[in-house]
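Asker: Sequence:
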Amino acid sequence: MANSPLFVPRLTVVGAGPGDPELLTLKGARVLAAADVVLYDALANDDLLTHARPGVPRLFVGKRRGAMAYTQLGINELIVQQAFKHGHVVRLKGGDPFVFGRGREEMLYAEAHGLATEYVPGISSAVAAAGSMGIPATHRGLSEGFRVLTATTADEQLSGALLEAAQSPRTTTVILMGMGRLAEIMALFGRYGGADVPAAVVQNGTLPTARAVTGTVATIAERARRAGLGAPAVIVLGEVVRLAKLPAQEADASAVLPSFLHELLPYAKVA
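If you count by my numbering, then the sequence shown holds residues 1 to 271, one letter each, in order.
Keep in mind that the hints were calculated from the coordinates and are not lab data.
Computed from a predicted structure; not experimentally measured.
One or more of the hints may lead you astray.
Label-pair restraints from in silico Cβ distances [as the list claims (entries may be wrong)]:
#1 57 with 245: 40 to 46 Å
#2 77 with 222: 40 to 46 Å
#3 57 with 161: 24 to 30 Å
#4 46 with 144: 20 to 26 Å
#5 144 with 114: 44 to 50 Å
#6 141 with 46: 38 to 44 Å
#7 184 with 207: 24 to 30 Å
Don't be surprised by glycine CBs; every beta carbon is placed ideally from N, CA and C.
Please construct the entire structure, taking both the sequences and the accompanying hints into account.
Answerer: Quick look at the structure:
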């Protein structure tokens, strides 16, 4: 490939989506089929690698707390190395690469080293994981907006944005990469927001192995611990959690819906 007159070292950063391989975009599948080498993360479903041509190198570069195949700098350097060796590098990243995925960071490094770059969006787990359990990011009468936060800063301190979120009860808060600090985060929300704010933890959202628990700021950490939930998982706080439809849950919806929605239920039924 490197000797081809059409050889162009380039990088395409592709969002793998929230887990379910069927949620990869059509463009993402097409780009994978055109890859000369694929670098993929731990959060990218392995089934997606079947979109690449037979014989194309597939390199795992997953990064998770306590188990890193490569440092971020190592990944950046590998992208450049593989691009000049093979041509088209497809960097497959879980969710959407531009939502706490360091996708643009990798593109900037590649561009600084002479690579052409492209971004292919993916469905973010920030919305899809909770959505797969019936929890919307927004809902009329319950949420005026939503915010997506990382739990910690680069120096492993709790994000300052969590305090602002705790004081915004009319806004849904979705927290990524927060399971290791769940109890601390809930203590902060309880102190500045309220112990009775609805909360949920969703693990492996959109996958057959998905699991979730709901509760309140005061109870969710213990419920998640008892259920054995851990990363990868998203934490959701806000009134929208009351709409959750968990596996095997057959609760009467009218028991959790706010009063103004009770009036709409008769009109929502299908004859």
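Asker: Look at each hint and say if it fits the structure.
Answerer: How the hints compare with the structure:
no.: 1; hint: 57 with 245: 40 to 46 Å; in the structure: holds (42 Å)
no.: 2; hint: 77 with 222: 40 to 46 Å; in the structure: holds (43 Å)
no.: 3; hint: 57 with 161: 24 to 30 Å; in the structure: violated (39 Å)
no.: 4; hint: 46 with 144: 20 to 26 Å; in the structure: violated (39 Å)
no.: 5; hint: 144 with 114: 44 to 50 Å; in the structure: holds (46 Å)
no.: 6; hint: 141 with 46: 38 to 44 Å; in the structure: holds (41 Å)
no.: 7; hint: 184 with 207: 24 to 30 Å; in the structure: holds (27 Å)
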